[in-house]
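Enquirer: Using the hints, position chains B, C, D and E against chain A.
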Amino acid sequence: MLIVVALLLVAASATAAVAQRDPARQALVLSFMGVLLAALFTVLQAPDVGLSQLAVGSALTPLLIMLSVRKVRRRGRAKKETE
Amino acid sequence: MNGWNLAAAVLLGAGGTAALWGVTTGPPARRVIAQNMTTSAVCPALLLLSQGYGRPAYVDLALLLALLGPVGTLVFARLLSGDLSDGRPGAWGLTWTAAGAGTVVVTALCVAVGPGRALVKLLVTGALLIGGNVIASRALAGGFRGVRGG
Amino acid sequence: MNRLRLWLLAVGGAGLAVLLVAACLDLPDFGGDRHPYGDRAVHASLLRHTANTVASVNFDQRAYDTLGEMSILFAAVLGCVVLLRQARDEHRAPPEPAEVARPVRRYALLVLPVALVTGLYVIAHGQLSPGGGFQGGVVAATALHLLYLGADYGALERVRPLGLYETTDALAVSAYLVLGLAPVLAGTAFLANTLLPYGTFDTLSSGGTVPLLNAAIGMEVASAAVVLLAHFLDQAVEIEEEHGS
Amino acid sequence: MHVLPYLVAAYLFLTGCYGLATSRNLIHAVGCLAVCQSATYVLLLAVGYRDGGTAPVFSDIRPGSRPVVDPVVQALTLTDIVVGATVTALLLALVLQIAKRHGTVDPDELRELRG
Amino acid sequence: MRHLLPLPVALPLLGAALLVATGRRLPRIAVEIAGFVVSGGTAALTLVLLLDSAPTMTEWVGAWPPAGRESVGILVVGDGPALGMATLASLLTLAALAYSWRYFDAPPHGHTGAFTALMLVFQGAMCGFALAGDLFNAFVFFELMSVVAYALTGYRIDEAKAVQGALTFGIVNSLGAYALLLGIALLYARTGELAMARIGHGLDATGPGGPDALVLASFVLVLTGLLVKAAAVPFHFWLPDAHAVAPTPVCMLLSGVMVELGAYGVWRVYGTVFAGPGGIPAADLTRALVALGALTAVTGAVMCWYQRHIKRLLAYSTVAHTGLFLVGLGVLTPEADGGVALYLLGHAGVKAALFACAGALLDRFGSVDEHSLHGRGRPLRATGVMCAVGALGLAGLPPFGTALGKAVTEEAVGGPLTVVYVAASAITAGAVLRVTARVFLGLGPRPRDAEYETSGSDEEPETTGLLSRIPDTMTTVPAVLLAAALAVGVVPGFGTLVARSVARAGPGGAHAAAHWTAHGVLLGVASAVLAVALAGLAVIRPDWTSAPGWAAPLRRLQSGHVGDYVAWLLVGTTVLGALALPGVLGS
Numbered sequence: 125m126l127i128v129v130a131l132l133l134v135a136a137s138a139t140a141a142v143a144q145r146d147p148a149r150q151a152l153v154l155s156f157m158g159v160l161l162a163a164l165f166t167v168l169q170a171p172d173v174g175l176s177q178l179a180v181g182s183a184l185t186p187l188l189i190m191l192s193v194r195k196v197r198r199r200g201r202a203k204k205e206t207e
Numbered sequence: 059m060n061g062w063n064l065a066a067a068v069l070l071g072a073g074g075t076a077a078l079w080g081v082t083t084g085p086p087a088r089r090v091i092a093q094n095m096t097t098s099a100v101c102p103a104l105l106l107l108s109q110g111y112g113r114p115a116y117v118d119l120a121l122l123l124a125l126l127g128p129v130g131t132l133v134f135a136r137l138l139s140g141d142l143s144d145g146r147p148g149a150w151g152l153t154w155t156a157a158g159a160g161t162v163v164v165t166a167l168c169v170a171v172g173p174g175r176a177l178v179k180l181l182v183t184g185a186l187l188i189g190g191n192v193i194a195s196r197a198l199a200g201g202f203r204g205v206r207g208g
Numbered sequence: 211m212n213r214l215r216l217w218l219l220a221v222g223g224a225g226l227a228v229l230l231v232a233a234c235l236d237l238p239d240f241g242g243d244r245h246p247y248g249d250r251a252v253h254a255s256l257l258r259h260t261a262n263t264v265a266s267v268n269f270d271q272r273a274y275d276t277l278g279e280m281s282i283l284f285a286a287v288l289g290c291v292v293l294l295r296q297a298r299d300e301h302r303a304p305p306e307p308a309e310v311a312r313p314v315r316r317y318a319l320l321v322l323p324v325a326l327v328t329g330l331y332v333i334a335h336g337q338l339s340p341g342g343g344f345q346g347g348v349v350a351a352t353a354l355h356l357l358y359l360g361a362d363y364g365a366l367e368r369v370r371p372l373g374l375y376e377t378t379d380a381l382a383v384s385a386y387l388v389l390g391l392a393p394v395l396a397g398t399a400f401l402a403n404t405l406l407p408y409g410t411f412d413t414l415s416s417g418g419t420v421p422l423l424n425a426a427i428g429m430e431v432a433s434a435a436v437v438l439l440a441h442f443l444d445q446a447v448e449i450e451e452e453h454g455s
Numbered sequence: 008m009h010v011l012p013y014l015v016a017a018y019l020f021l022t023g024c025y026g027l028a029t030s031r032n033l034i035h036a037v038g039c040l041a042v043c044q045s046a047t048y049v050l051l052l053a054v055g056y057r058d059g060g061t062a063p064v065f066s067d068i069r070p071g072s073r074p075v076v077d078p079v080v081q082a083l084t085l086t087d088i089v090v091g092a093t094v095t096a097l098l099l100a101l102v103l104q105i106a107k108r109h110g111t112v113d114p115d116e117l118r119e120l121r122g
Numbered sequence: 036m037r038h039l040l041p042l043p044v045a046l047p048l049l050g051a052a053l054l055v056a057t058g059r060r061l062p063r064i065a066v067e068i069a070g071f072v073v074s075g076g077t078a079a080l081t082l083v084l085l086l087d088s089a090p091t092m093t094e095w096v097g098a099w100p101p102a103g104r105e106s107v108g109i110l111v112v113g114d115g116p117a118l119g120m121a122t123l124a125s126l127l128t129l130a131a132l133a134y135s136w137r138y139f140d141a142p143p144h145g146h147t148g149a150f151t152a153l154m155l156v157f158q159g160a161m162c163g164f165a166l167a168g169d170l171f172n173a174f175v176f177f178e179l180m181s182v183v184a185y186a187l188t189g190y191r192i193d194e195a196k197a198v199q200g201a202l203t204f205g206i207v208n209s210l211g212a213y214a215l216l217l218g219i220a221l222l223y224a225r226t227g228e229l230a231m232a233r234i235g236h237g238l239d240a241t242g243p244g245g246p247d248a249l250v251l252a253s254f255v256l257v258l259t260g261l262l263v264k265a266a267a268v269p270f271h272f273w274l275p276d277a278h279a280v281a282p283t284p285v286c287m288l289l290s291g292v293m294v295e296l297g298a299y300g301v302w303r304v305y306g307t308v309f310a311g312p313g314g315i316p317a318a319d320l321t322r323a324l325v326a327l328g329a330l331t332a333v334t335g336a337v338m339c340w341y342q343r344h345i346k347r348l349l350a351y352s353t354v355a356h357t358g359l360f361l362v363g364l365g366v367l368t369p370e371a372d373g374g375v376a377l378y379l380l381g382h383a384g385v386k387a388a389l390f391a392c393a394g395a396l397l398d399r400f401g402s403v404d405e406h407s408l409h410g411r412g413r414p415l416r417a418t419g420v421m422c423a424v425g426a427l428g429l430a431g432l433p434p435f436g437t438a439l440g441k442a443v444t445e446e447a448v449g450g451p452l453t454v455v456y457v458a459a460s461a462i463t464a465g466a467v468l469r470v471t472a473r474v475f476l477g478l479g480p481r482p483r484d485a486e487y488e489t490s491g492s493d494e495e496p497e498t499t500g501l502l503s504r505i506p507d508t509m510t511t512v513p514a515v516l517l518a519a520a521l522a523v524g525v526v527p528g529f530g531t532l533v534a535r536s537v538a539r540a541g542p543g544g545a546h547a548a549a550h551w552t553a554h555g556v557l558l559g560v561a562s563a564v565l566a567v568a569l570a571g572l573a574v575i576r577p578d579w580t581s582a583p584g585w586a587a588p589l590r591r592l593q594s595g596h597v598g599d600y601v602a603w604l605l606v607g608t609t610v611l612g613a614l615a616l617p618g619v620l621g622s
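Residue numbers (our numbering), protein chains in the order written: chain A, 125 to 207; chain B, 59 to 208; chain C, 211 to 455; chain D, 8 to 122; chain E, 36 to 622.
Next up, chain A with everything else stripped away, as it sits in the complex (with noise of 0.2 Å):
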């Protein structure tokens, strides 16, 4: 039962996650994916590949994305305010 939770789960984030079109609002979903994602894997008695996934997708690619999305939205910024 605990899998079929997780499973549900991680399907119904990862439809959020690509219907999320803006990108800062999808990497919150994605990051909250990853964390389910690790919890999916602890009950499936992976906890080594949990780990990494929660090394992965709790901190390091949502900052990676946010990063990116911070550097494209300022240089529209910079750009906005030179025109």
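Please note that the accuracy of each hint is not assured.
Said to hold, decoys possible - These stretches of chain E come out as covered by chain D in the derived footprint (C-beta under 8 Å, 3 or more residues):
| no. | stretch |
| --- | --- |
| 1 | 177–191 |
| 2 | 194–207 |
| 3 | 219–225 |
| 4 | 319–325 |
None of these hints come from the bench; they were simulated from the model.
Beta carbons are placed, not taken as given, at the ideal position from N, Cα and C, and that holds for glycine.
Expert: Just chains B, C, D and E now, with coordinates in the frame of chain A:
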């Protein structure tokens, strides 16, 4: 399925669904709060699972989540500070509820585990979880002001 | 054009969905009992006194895959260094110091050492309990960035001599390769774990070369993640384009 | 239950592909690629699962005392996660350069390479 | 000797790591010499191993020899084709490094060795993929190869087209790689093994009465991954976008060997994993590969003809030729396999040389546009001659290696498909000859611009400013490559040697030989004459050949939009599944 696992399933299902709903709807500020609540829901669930499966080694997962979850929230709080500036709901009620739930779970596990090295790890995890949760909420409610260039 | 894409997507997606669902129905039932390779791997791991079978698969039985994985990370970091270099029409502007609420700052500075120690713990116990070089390395690297989150970018830059991390990254890769090449010089196979004693089961020094390879990966991942994030942070925070270009 | 995990994996892959194909923002597309990749994690681990099994880590249990799941797929998934993270980073780096050189991250507005 | 098999992977990686570790302190010249030495040493090693490859060498990395028949280690296979591909990759890397000698303008600050190190990692990855005998290991090196290729393609970050092409390349190829991994997971679920040969045995043992949907799906997914790399239609869209914009030395590697490694992977995986009674029936593979291959060849040739961006034109010619390789591999006879191997060797030399010539134009004039360069290439006599010779090689004019390989393959394939071979090679060669005539001789009127196309003018040169004269390395390297392509066809006994070593590695281990035949020579000369005629027609009467009314829809498909390419990838998997379906239904 034993009681620990059942509790974990309930926590994961209810907390996860609520957090997912919060993360995908509403204004940005609320979404980040929901993202923070993910940690508060999943981390105790992982602790319960470790007990339910009879594998003390699984506590590492909860420890890491308690450590990195709030860091992830801080990332959003910092890099979305512009979007969050309008209307900062503190959500303190939710925060303290989550902290309370975390305390209950950790206490229950401590009782079940008994004294030893595992207990220390549990207490550290609990402290990190609750402290991180509260601080992340604080950061969301205006922890980063005047962050422009940096 | 857009409509064509949607049609293609519908046709292709439907076809692939049918194929995948049909395949799923033919797969052995979930939770089945037949895992020949897995059973052999567990046996081989115990034979070499490695308590964490996953570490044994990663750093002993299939260490060659891990070499590839490590090279992917190394190449990607090198690629990011090249791709995110300062272009000719860009300059660096030191960021303004950020104003961070005091409890948040205290928390970040308090958790930083805890996270570093946790990272090292996860690396060191890789061959015993869940974890290993990769997981621990990422945690340690993330820990360092609490300085950026809790203070400002300047603080992070002061404790981050980037050249040193880049060199460490490359040296860790070299160390892994040298550990792999040593058995070849001794007349056996590449990456063979036969030169060192296997030690006592469930202790830090068990498993022959497994802890060494694990440590090399830990070092590589930690420094690679720092370098990677550094270049993204530079782009997001420091590097600006010349206006009017 | 017998096939649910496999079906979820298939669903993840297709959803990610849908997102990739219809994306209006390249950063979003890279995120969708990560969703596609999570399909491989789920499929691999589901394939290696054994009912009633536990993790093949013998620091806190005696070898042979309980059935264990397949360690090989876990090692493969670990490699896969590293690959995913690095590919994401590299592609994001390219997206940043596209944003600089083209002034947009909307694939519909990138019109230089065609024909 | 067999212990040395993983070294062609390990040595370049070690060299790259040390270069990065010390790179910030070394002067540029030292870095380039070091890269040259490591790459050359690896090439020599692969050559030594290749000469020792009969009987086939196998090595269990990590010293896990199989207990009984089963091992937990990773198998590395050193047979003729594997080591041949590794040698080809190494030699081409060496050529590319020589070509790029003091080539780019200032390397990234503080990372003098970055480009050389990336090239070395690329070399190691290609060797690793070629030698892999384990399916997951093949995936790892496949991915390593891709990651390095993305970074190298986007190397010139000042170029808008380069970063866009690199991203398209990255997304499409990563998606293909994930499909490949899904296929591997399905195979693992069925057989519980990862070594290719063991998976093959497992399929034969567990498939009760031939293949089922699971085998079909894993076949389709694995082939999707490999065909994306091999740029078969409709997975090919990324290739022109990426190859046209990558730095020239990288193009030489991408077009010369990386794409061909995809085709090699198809041959290896089918032969080892799916060829048994539990796998995909031969008739189905032939149907799938011949259909997609012929379509690829035709599409590539047509699109090649209508390009004005010279590097893009060459990229499409790679697409067309890969299609020809796939057709040859698809008929599943040892003769055809040997022919394809020879064709591939000759093609690698010719194509790399042609890219080198295009690079010389780019760095001399800052443009690779056929229209704007009209007549401006007159001073570059050596480059022009090499361009023309390369074009004839592409057409398969005897005695080039391409001609020998093409003749052998045509004979093995037989029937109406010969027309595809002649047409595709003639059209692509005709396009290159047309460019040569216009750019280096200034023949004919300047053609008019079309509406939907990629222009190659105003590109940044890859060197420090425009070159006033072409350095010797940039003319020597293509000359050597062309000579090598010629040698493949001329050196007596070489063809038979290659054919025999390929046949030995294939199923059955049949004897094979590759000789010049009158029929093959005639067809080769016919393609060359046709190419010259087409080029002449195009130059004299540009209006006859450049009004692409019927080709416009085809050109519109190449939209540069990554979403379209992903949709096409899904369609491609469906088509593959449909093509291979009858065998599964029939069993």
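Enquirer: With reference to the structure, classify each hint as holding or not holding.
Expert: To see whether the hints hold, each was checked on the structure:
Coverage of a stretch by a chain is defined here by at least three residues with a beta carbon nearer than 8 Å to that chain's beta carbons; for the stretch 177–191 of chain E and chain D the count is 5, and the condition holds. Only when three residues or more bring their CB closer than 8 Å to a CB of chain D does the claim for the stretch 194–207 of chain E stand; here the count is 11, and the claim holds. Judged by the Cβ-Cβ criterion of 8 Å, the stretch 219–225 of chain E is covered by chain D as claimed, because 4 of its residues qualify and three suffice. Counting residues of the stretch 319–325 of chain E whose CB lies closer than 8 Å to any CB of chain D gives 0, so the stated coverage by that chain is violated, three being the minimum.
When held up to the earlier numbered hints, the structure conflicts with hint 4 and nothing else.
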